[in-house]
Structure formats: structure tokens, C-alpha cells
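Undergrad: The chain contents come next:
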Amino acid sequence: MMEKMIFGRYIPADSLVHRMDPRAKLVFVFAFIAIIFLADNVWAYALAAIFTLASIWLSGITVRFLISGLKPVMILIAFTFVLQLFFAREGQVILDLGLFTIYEEGVRQALMISTQFLLLVFMTSLLTLTTTPISITDGLESLLNPLKKIRFPAHELALMMSIALRFIPTLMDETDKIMKAQMARGSDMSSGPVKDRIKAVVPLMIPLFVNAFKRAEDLATAMEVRGYRGGEGRTKYRLLQWHLRDTLALFSLVLLAGLLGSLRIWL
Amino acid sequence: MAREIISLNSITFRYPGGDHDVLKNVSFSVQEGEWVAIVGHNGSGKSTLAKLMNGLYFPDKGSIQIVGISLEKDTVWETRKHIGMVFQNPDNQFVGTTVQDDVAFGLENHGVPHEEMVKRVNRALKQVKMDDFLNQEPHHLSGGQKQRVAMASVLALRPDIIILDEATSMLDPTGRQEVIGLVRSLKEEQEMTVLSITHDLEEAAKADRMIVMNQGEVYRTGTPREIFELGDELVQLGLDLPFYLKMGNALKAQGVQLSGQHLTEEELVNELWTSHCKK
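For the record, the sequence lines run as chains A and B.
Following my numbering, the numbering of the first sequence begins with 5 at its first residue and continues without gaps.
Following my numbering, the numbering of the second sequence begins with 5 at its first residue and continues without gaps.
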């Protein structure tokens, strides 16, 4: 099941979206999240949906892949859909089931809110699917750079994120190793009452934490020896390059915002 | 005559909060272009020496000179530029998310311009024969490969001295051979000074000179041949003799005529298979 989940996973490819500057993608997604709330009628939603589908098409990722990978989210969306269906009590009665009554407004609301949710999930997944975590980190650092003036630790934050990313597989391997070692000593983590299972996690977590601290100490020494003295005066190996396509992508978003805004006023 | 590149003058050191001196009046020097191995069992103070030479700690008494600069709190960043270190655990010194990022880390810290950085990263990785793994992530590499990347990170910074702090102790025999072979070729081609801290006498046998540490003191200094003459004395210091030395001693005990010590397996084998002809 975990293999099918695409939350936070990166799919290597060489599409237009993959090649975009991570900064452009980050700004794009966050702006999209704000813009989508401008939509308040069917036409606006149709437009936003077309825009999202076009973005997905440009990334070379299929909609079917997205839907199958986001199954748990789909269930959540279906749940909100049903909830909205019974919630609104305006407009014509469409269906009277005795205990529950479904109104026209309810269907409209349910459709709109779940579409909104769906488009948001699609766009944010598109970001993580087409951008390596380290590029996202670089993009964030660069975008947060102006905040350094008010002493926001942009460089430190980015470094912490990249080290965390670097150590995830290492710590996963270690967890696996400790788990096997504890199982070999007769610890049972997969059966029995919940209370016992939680207790069985303790001998797993303690060695993991102790080792993580040891690693952190070693890493700090290794970094210091290689001349790390904070963000001041450092140069960057990975460079971010802004292209015409990045400007165009943001421009398309301005266009979308304009259209959604006018649809809101006129309809 | 080569100049003295590292010199330690009567160093005494105790860890903050410790109850005994880890190093007692330790003095030695290393010449430029030399490969010196510091050996000793656990707790003999050999790893502490590395920490002192890199300014991670400062001695209580005595002084340290690195390329002629006296190592003080103010000069520590200056002296660190001359020393590259490779540590024991291959995983815990890999900072970057990929091989090339890791090699670039030190260069980024020193504010090297981007173009120069790309050149140096590629060159360093070529030197350690890891240039096919530029974008590889650390968890897909073997221990030996990770240590080679660590060596590349050091080489990219172009130090004068490389300190190997038990750099091969967590590797399998193949990885160990890879790293030692690499050190030897670097030393010969680039005339780099190598200081390897180890408890593996087989690794130490390849050095120009050995320093045996015991209980925080320098026990003996000499060429590997001179040190191995000590024989059982080394075993009493908690060191394990290489297999071919044990084998040679065992053969002598059986009455086989052998000439002195053998520093490599090859030397012993060569003497054995030619021994019959000499009679």
C-alpha cells in the first residue's frame, strides 16, 4: 500500500514542469491555493479544472496515476461530499428519503467544495511529484532569503531540512535493523493488545534516539572540520535558474486570477 | 630536507570533567610528505590526538604547530584549511544529499565561486574513481564508496595533510583495501602528508613510520619494521599482529629458518617458496 502512495514522492522525468525553477513552482502552487477561492460558480470551477488538467498534462503525469496514488485523499473527499450533501438546506428538494432530505443547494455546494479540494490536492501533489525535495528546499531558502533582514534563519532552516532528508533512509534502515534485533530477542511488535504493542515500541525508540544523537554529534564534528561556520560567506553549488517558462507560468496564473475574478463579478 | 608539517610539544590533556589525563606529555613531529600511523588500543589516547590537531579541543599544557602556525583559538579556522579529516563512520560524515553535493559542502563553506567549485568537485571525484556516481544518494553506496567520497570531499579542499581517524575500521576487507590503496596512490602522486590513526597493524605496516601509543603516552616510535620487532610486546599493549607476522613467528617456533620480519603477506610467501632453493 505504501508503494502506491504518492504523497511527497518524486517521479523523475524531463517534462516542462520538471524543468521549471522550484521557486516558480512554489509561488505558483501557493498562489493557486489562494486564487482557487475566487471561484464561486460552475463556470469558474470548470475553468480552474481545465487549468489544473493542463498543468498535469504538461508534467507528463497521468490523471489516472494521480487518482490511484491519492486514494486515501479521495476517500476523504468523498466523505466531505456526502457531508455537504446533507448539510445545506436551501433550494428545491431533489430527493426525500424520510430521515434525510437532499436539496438542490446541497448538491451544488458538495460538488463545488469537493472540486476545490480535489484541485488543491492535485496541484500540491504535482509540485512534489515533479520537484526533488532538495530543490524544494533550495527554492524555499531562496524565497525566504529577504526575511533574513528580520533575523529569520532561512539558511539554517534549509540546511536542517536537507540534513533531515539525507538521514531519512539511514534512520529507516536503522529502525529495521533494531526491529530485527529486538525480534530476535523475543520481542513481539505485531500482535497482542494495543497496550502491549505500544510498550514493545519503547525498546525500539530508545536505541534509535541514542544513535541519532551520536550521529548528530559526529556529523557536527565532520561539518566543522570541513569549515562550516554558518551561512555567512557561503557560496552555493546548486544554482537556481529562472527561465522564460517560469515567468510565463506565473503570468498564466495572473490570467486565471483575472478570469476567475471577472466571472465572480459578472455571474 | 622536508620540513616539519605537524609538531606536538609536550601535550597534556584531560577531557572537561574527566578524572585523569588522557594524554601525558606527548611530543612528536611529522615531516612533509610522510605517512605516519598512530597505533594503540582503545583508550590509548590516539583519537584524542586527532581532535586536538583539528582544534576540536585545546591541550591543557604544551603547544601544537600545524604548517608552522601555532594552533590557538584564534588560528583554528586557519589551520583547519590545511587539514582534511576522514572519520570512522561512513554515514555520519556524509552531509550532502548526493555524492556531488557532499563533495561541494566544504567548498561552499569556504566561499569558492561556483565555476571553480564544479571543476574541483569533478576532479576530486575522478581522483577517487567515484565520478560515475555524481548524483547517487548515500544509502545506495557501500561503506567503502562512502569513505572514498569522504576522501574526495577532503581532496577538493586541497589540504596539505590528511588525517584518517579509524577511517577503515567499519569497512569490510574489500572496502579497506580500496581506501588504503587510494591513500597510498594519493600520497605518492600528490606528495600529501598522511596521518592515519588506527588499531589495525596491517594498515599501519604500510606507513613510513609508526607511533605506538599506550596509556596516553608515546610508547615507541620507529619504522614498521622496527616496531614489529617488538613482537609480543605489541600483543601485550592490546594490539593484534597481522596474520603473516603471526604465521612467520609460528613457523620460526616450529624450527623453520626465516630471515627476520615480513611486512607484507607477499614478503613471507616469497621467502617461503624460494627457501628450498637457497639450501
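A hint or two may mislead.
[To be verified] Cut-off 30 Å, straight-line C-alpha distance, at most; resulting in silico cross-link-like pairs (DSBU-like, lysine-lysine):
1) B:K250 <-> A:K218
2) B:K65 <-> A:K218
3) A:K152 <-> B:K85
4) A:K240 <-> B:K65
Calculated from the structure, these hints are not laboratory results.
Undergrad: Report the numbers of all earlier hints that the structure fails to satisfy, in ascending order.
TA: Of the numbered hints given earlier, those the structure breaks are 1 and 4, listed in rising order.
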